[in-house]
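Undergrad: The primary structure of each chain is shown beneath.
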Amino acid sequence: MKLKNRFSFSATTLGMLLTSNGWAIQPQPVPVPEDSSVSPQINISGVGIATGSYGRRAGQSRPKSLIDYEDSTLQIGAAQSLYKGAIGSMGFGMLTLGNEGEPGNTPFFLSQAFLDYQGEKIEFLVGRSDNPTAHLVDFPTLRDDDLHTLNNPLNPLSNGTLAQDHRYSNVAAVTLNQGLKFFENVHAQQLVDSAGIQSSPGINSYGATFQYLSTPGMEAFSKFPSLGLGVEHLTSVGAASSGLYQIYGGGVMNLNESVTDRWDIRALDIVSVGSDLRSFSNARDTFEANSNTLSAALRYMHSPFGRAGYQLSLTAGYKNYFRVRSSRSAGFALTYVKRLGEGFDFVAQYQGQYRKASLSAAESGSLAFEQTGEVGFSFNWDATFNQHLSPRRTILNQQYQYVPN
Amino acid sequence: MTEDSAGAEMIPEEMIESETEQKSITRRDFFSSASTGVALGAGLLLSANPQGAWAAPTAKSGGSAGHAAIPPGWSNAFHPAATAPLYPPRGAPKAGEKIHEFDIEVGISVHEIVPGIKIHAFTYNGTYPGPEIRVPEGDWVLVNFTNKTSEFHTIHWHGIVLANEMDGVPNGTQWGTGPGETFKYLFRAQPAGTHFYHCHNMTNLHVQAGMFGALIIEPRDPKEDLVRKVFPYEREYTMLLSEVDTVMVEGQMERMMKEMGVMQKMNESPKLMKEMNGGMMGWFANKKAFLDSVKSGYIPPYVAPRAGRYPAPNFNFFMINGRSYPMTDEMMIRSGENIRVRLIGAGAMPHYMHLHGHDFWHVCQDGSPLQAPIRLNTVPVFPGTTTDIIIQGTNPGMWHFHDHSDIASTNNGIFPGGMMTMLMYEDAAQHGVKVPEIVQVSS
Ligand SMILES: [Cu+2]
Numbered sequence: 001m002k003l004k005n006r007f008s009f010s011a012t013t014l015g016m017l018l019t020s021n022g023w024a025i026q027p028q029p030v031p032v033p034e035d036s037s038v039s040p041q042i043n044i045s046g047v048g049i050a051t052g053s054y055g056r057r058a059g060q061s062r063p064k065s066l067i068d069y070e071d072s073t074l075q076i077g078a079a080q081s082l083y084k085g086a087i088g089s090m091g092f093g094m095l096t097l098g099n100e101g102e103p104g105n106t107p108f109f110l111s112q113a114f115l116d117y118q119g120e121k122i123e124f125l126v127g128r129s130d131n132p133t134a135h136l137v138d139f140p141t142l143r144d145d146d147l148h149t150l151n152n153p154l155n156p157l158s159n160g161t162l163a164q165d166h167r168y169s170n171v172a173a174v175t176l177n178q179g180l181k182f183f184e185n186v187h188a189q190q191l192v193d194s195a196g197i198q199s200s201p202g203i204n205s206y207g208a209t210f211q212y213l214s215t216p217g218m219e220a221f222s223k224f225p226s227l228g229l230g231v232e233h234l235t236s237v238g239a240a241s242s243g244l245y246q247i248y249g250g251g252v253m254n255l256n257e258s259v260t261d262r263w264d265i266r267a268l269d270i271v272s273v274g275s276d277l278r279s280f281s282n283a284r285d286t287f288e289a290n291s292n293t294l295s296a297a298l299r300y301m302h303s304p305f306g307r308a309g310y311q312l313s314l315t316a317g318y319k320n321y322f323r324v325r326s327s328r329s330a331g332f333a334l335t336y337v338k339r340l341g342e343g344f345d346f347v348a349q350y351q352g353q354y355r356k357a358s359l360s361a362a363e364s365g366s367l368a369f370e371q372t373g374e375v376g377f378s379f380n381w382d383a384t385f386n387q388h389l390s391p392r393r394t395i396l397n398q399q400y401q402y403v404p405n
Numbered sequence: 406m407t408e409d410s411a412g413a414e415m416i417p418e419e420m421i422e423s424e425t426e427q428k429s430i431t432r433r434d435f436f437s438s439a440s441t442g443v444a445l446g447a448g449l450l451l452s453a454n455p456q457g458a459w460a461a462p463t464a465k466s467g468g469s470a471g472h473a474a475i476p477p478g479w480s481n482a483f484h485p486a487a488t489a490p491l492y493p494p495r496g497a498p499k500a501g502e503k504i505h506e507f508d509i510e511v512g513i514s515v516h517e518i519v520p521g522i523k524i525h526a527f528t529y530n531g532t533y534p535g536p537e538i539r540v541p542e543g544d545w546v547l548v549n550f551t552n553k554t555s556e557f558h559t560i561h562w563h564g565i566v567l568a569n570e571m572d573g574v575p576n577g578t579q580w581g582t583g584p585g586e587t588f589k590y591l592f593r594a595q596p597a598g599t600h601f602y603h604c605h606n607m608t609n610l611h612v613q614a615g616m617f618g619a620l621i622i623e624p625r626d627p628k629e630d631l632v633r634k635v636f637p638y639e640r641e642y643t644m645l646l647s648e649v650d651t652v653m654v655e656g657q658m659e660r661m662m663k664e665m666g667v668m669q670k671m672n673e674s675p676k677l678m679k680e681m682n683g684g685m686m687g688w689f690a691n692k693k694a695f696l697d698s699v700k701s702g703y704i705p706p707y708v709a710p711r712a713g714r715y716p717a718p719n720f721n722f723f724m725i726n727g728r729s730y731p732m733t734d735e736m737m738i739r740s741g742e743n744i745r746v747r748l749i750g751a752g753a754m755p756h757y758m759h760l761h762g763h764d765f766w767h768v769c770q771d772g773s774p775l776q777a778p779i780r781l782n783t784v785p786v787f788p789g790t791t792t793d794i795i796i797q798g799t800n801p802g803m804w805h806f807h808d809h810s811d812i813a814s815t816n817n818g819i820f821p822g823g824m825m826t827m828l829m830y831e832d833a834a835q836h837g838v839k840v841p842e843i844v845q846v847s848s
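Protein chains in written order, with my numbering: chain A, 1 to 405; chain B, 406 to 848.
One or more hints might be untrue.
DSSO-like cross-link-like pairs, simulated, lysine-lysine; straight-line CA separation at most 30 Å [as the list claims (entries may be wrong)]:
(1) B:LYS692 / A:LYS223
(2) A:LYS338 / A:LYS84
(3) B:LYS628 / B:LYS553
(4) A:LYS121 / B:LYS503
(5) B:LYS679 / B:LYS523
(6) B:LYS676 / B:LYS700
(7) A:LYS121 / A:LYS64
(8) A:LYS181 / B:LYS676
(9) B:LYS679 / B:LYS693
(10) B:LYS663 / A:LYS338
(11) B:LYS663 / B:LYS679
(12) A:LYS338 / B:LYS692
(13) A:LYS223 / B:LYS553
(14) B:LYS553 / A:LYS338
Among chain B residues calculated to face chain A with C-beta under 8 Å, some are [claimed, not checked]:
(15) ILE524
(16) GLN657
(17) MET658
(18) LYS670
(19) MET678
Keep in mind the hints are simulated off the structure, nothing from the lab.
A virtual CB, placed ideally from N, CA and C, is assigned to each residue, including glycine.
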């Protein structure tokens with residue numbers, strides 16, 4: 001009502017007010033105004049990845065060449081110091097999807113749109129973000145979709161078109177930590193339902209993960225830089241199923257202690273149970289059916305003089321289904337990354353995946369051996385503006401008191 | 406850096422007591438019983454005290470500032486030999502000479518500048534700034550400096566005329582004191598006046614991180630203190646002025662911790678020692694070794710763009726004795742009283758300290774009395790300098806004392822804050838001063 005009155009003043013009245021009370025023209029007086037001088041920290045980061053590839057992929061009758069820029073991402077984040085030592089942030093990010101040879105079709109996938117509130121010992125995240133099951137162990141392949149059916153817990157609501165269906169979700173998560181070393185995450189998810197399984201959208205998965213991370217910056221000297229395990233209960237999947245359980249665990253182990261010539265190995269095992277499926281009728285079924293998947297990667301990092309030089313890795317995975325016949329699969333990726341400058345790399349990869357008949361019929365257009373070779377560049381960069389927050393998982397915060405700045 | 410301790414070799418063993426683990430500064434005074442000391446060199450011993458020649462009063466202020474009858478002589482007459490040390494700076498304590506022994510330990514602590522703003526800090530004995538050291542001129546000071554961090558540190562005795570080896574410059578006058586090591590600093594306290602000490606390793610970072618403190622050398626005979634003679638005083642205040650970029654300190658300390666953590670791991674393993682070479686730190690035996698390394702793949706770190714690596718500090722907190730307004734300590738005064746304020750430019754920025762409602766006397770600079778006191782209301786305190794002023798209780802009230810370069814009167818860019826405190830008259834009410842509550846916020 002006050003506001004309305006103010007704007008209905010005649011010019012003369014307003015002029016009078018201005019001479020007597022300078023503040024009178026503020027349209028929305030509030031008792032405690034927002035402090036415009038406190039602006040957030042801004043972070044912009046990106047990954048550019050583009051390769052020329054040659055090979056025969058799922059559904060292709062002959063090998064093809066194509067130019068692939070899938071997984072190029074742009075993310076923007078804002079963060080603010082909050083009261084009582086907390087930090088609030090948001091993230092927003094998109095990534096490019098595989099054009100699979102369709103230059104006119106350049107869709108984006110919304111990978112991040114979340115809000116996060118974190119204190120010293122607890123963190124809440126809500127929105128679109130990484131699927132909490134997807135990053136327990138990250139493999140040294142080039143892209144999200146490389147061997148993704150062999151090294152990722154899978155989303156049985158996906159129609160199989162996009163690997164991103166398994167990697168990102170709408171999520172609400174609470175993460176507790178002890179000393180920024182041990183992390184327990186409890187979450188509810190709304191997985192991407194590209195197969196249209198749910199009659200109406202809603203939460204369709206619950207889970208928990210536990211993860212250990214060694215001292216930041218000292219990863220080369222810990223036997224196990226990271227270890228973790230998780231369990232996910234998918235409540236609303238195919239009609240034949242009353243719910244799935246995925247149990248997965250893995251980690252990274254250093255094979256030697258070296259700064260210049262480091263060898264490490266990482267492994268992840270995923271057991272998926274609870275499905276009644278005994279055969280596949282489409283790709284989606286292959287994500288649901290009871291299975292065991294084991295994947296591992298051996299990596300060599302050459303860092304002359306302590307600076308990144310090149311990395312060579314071999315990632316391999318093997319999957320077998322418990323109830324579906326003729327369905328085993330095995331795959332590999334040999335990946336080479338040569339550092340050309342800060343964050344900018346020459347990349348090359350040769351990958352292949354073998355599928356037995358009933359799996360290839362459902363998942364790869366009956367192609368038994370899919371293989372591609374690719375070469376190109378990748379560029380990882382980020383920039384922080386108006387910085388007033390330091391990274392949280394630091395040696396100082398771990399070994400001395402936690403300081404939220 | 407394998408030797409556990411260095412320095413103070415000239416002091417006979419029996420005079421150095423065993424180290425203690427005490428956190429707070431410990432002080433042990435004792436008289437030397439050594440009959441012979443090994444003198445490292447002959448210093449200049451002045452036969453005449455250069456302070457002996459003051460004459461002719463010039464005090465300008467009258468009123469109620471209750472100084473005694475103006476004694477004969479402020480004039481610190483020019484003496485061409487006056488900068489020569491009073492005592493030989495090299496040498497060892499002789500029988501009968503007093504030694505003040507202190508244990509100072511550097512560790513990592515959390516320091517709160519104002520409520521809600523904490524930083525990780527390198528601290529001498531756990532406090533930011535370190536403890537004040539106060540000794541009479543001519544006595545010996547022995548400091549057992551122990552490093553409990555993974556970085557290298559020293560103590561530089563700023564303004565002290567001492568033996569070269571005790572100056573605390575890493576890779577200059579000593580190796581930096583490494584993790585777990587103890588370095589013994591031994592020097593004779595001279596010249597009298599207001600001085601300070603600070604770490605001289607990566608000074609920009611380490612001083613911002615808290616490695617500085619006051620070092621006050623009292624005149625041999627306090628009655629001979631010219632300042633006290635002219636302006637009798639009981640209360641005095643030491644104010645270390647400094648500033649910090651909290652983001653820079655946090656980020657760079659973390660980076661150092663990681664680098665030193667890796668170095669330490671590599672030092673522990675013979676195999677990793679082989680991988681390590683000077684090149685990792687940018688050191689090469691000679692030009693050829695450097696060029697050979699470049700041929701075999703070495704990329705110097707400076708080839709990457711500079712932006713974002715070590716940006717210049719963007720100071721966001723400005724402090725008096727490690728705290729910003731309203732957490733700074735006030736100066737208390739009564740009508741008619743003189744107080745002495747020792748201002749120390751411990752940081753990297755100049756500060757222009759202004760007192761409301763008063764003029765004051767600038768009496769000493771860098772420890773030594775001026776030729777004559779200078780009447781001011783704003784005194785610049787430049788980095789590395791010390792300035793002593795006398796404030797006279799001539800105008801009851803609650804008065805602001807602050808850096809008049811007002812970017813330093815802010816906390817995180819928000820006014821008011823920073824390098825500001827109050828001059829508080831204890832008898833203000835008796836003089837009818839009515840101060841609204843708002844300005845008594847820090848009382
Ligand atoms: Cu230091």
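Undergrad: Take the hints in turn and mark each one as holding or not.
TA: Hints and how they fare:
1. Of the supplied pair hints, the one linking LYS692 (chain B) and LYS223 (chain A) is violated, its CA atoms being roughly 38 Å apart against a limit of 30 Å.
2. Under the criterion of a C-alpha separation no larger than 30 Å, the hint pairing LYS338 (chain A) with LYS84 (chain A) is inconsistent with the structure, at around 44 Å.
3. In summary, the hint linking LYS628 (chain B) to LYS553 (chain B) is not supported, as the alpha carbons are separated by about 41 Å, beyond the 30 Å threshold.
4. Restraint check for LYS121 (chain A) and LYS503 (chain B): not satisfied, since their Cα atoms lie roughly 53 Å apart, outside the 30 Å limit.
5. At roughly 40 Å between alpha-carbon atoms, LYS679 (chain B) and LYS523 (chain B) are farther apart than 30 Å, so this suggested pair is violated.
6. As the CA atoms of LYS676 (chain B) and LYS700 (chain B) are separated by approximately 24 Å, the hinted pair is consistent with the 30 Å bound.
7. Taking the CA atoms of LYS121 (chain A) and LYS64 (chain A), the gap is near 51 Å; set against the 30 Å cutoff, the hint is violated.
8. Between the alpha carbons of LYS181 (chain A) and LYS676 (chain B) the distance comes to roughly 28 Å, so the proposed pair stays at or under 30 Å and holds.
9. Between the alpha carbons of LYS679 (chain B) and LYS693 (chain B) the distance comes to roughly 20 Å, so the proposed pair stays at or under 30 Å and holds.
10. With a C-alpha separation of about 25 Å, the suggested pair LYS663 (chain B) and LYS338 (chain A) falls inside the 30 Å cut-off, and the hint holds.
11. For the proposed pair LYS663 (chain B) and LYS679 (chain B), the alpha carbon gap of about 20 Å is at most 30 Å, so the pair holds.
12. For the hint linking LYS338 (chain A) to LYS692 (chain B), the alpha-carbon distance of about 28 Å falls within 30 Å, and the restraint holds.
13. Using a Cα cut-off of 30 Å, the hinted pair LYS223 (chain A) and LYS553 (chain B) holds, with the two alpha carbons roughly 26 Å apart.
14. A threshold of 30 Å between alpha carbons decides the hint, and for LYS553 (chain B) with LYS338 (chain A) the separation of about 40 Å lies outside it, so the pair is violated.
15. Given the 8 Å rule on beta carbons, the hint for ILE524 (chain B) holds: about 6 Å separates it from the nearest Cβ of chain A.
16. Proximity of GLN657 (chain B) to chain A is violated relative to the hint, the smallest CB-CB distance being about 10 Å (cut-off 8 Å).
17. Restraint check, MET658 (chain B) versus chain A: the minimum CB separation of about 6 Å is within 8 Å; hint holds.
18. At about 5 Å, the closest approach between the beta carbon of LYS670 (chain B) and any beta carbon in chain A falls short of 8 Å, and the interface hint on this residue holds.
19. At its closest, the beta carbon of MET678 (chain B) sits 11 Å from a beta carbon of chain A; the interface hint therefore is violated under the 8 Å criterion.
Checked against the numbered hints given earlier, this structure breaks hints 1, 2, 3, 4, 5, 7, 14, 16, 19; the rest are met.
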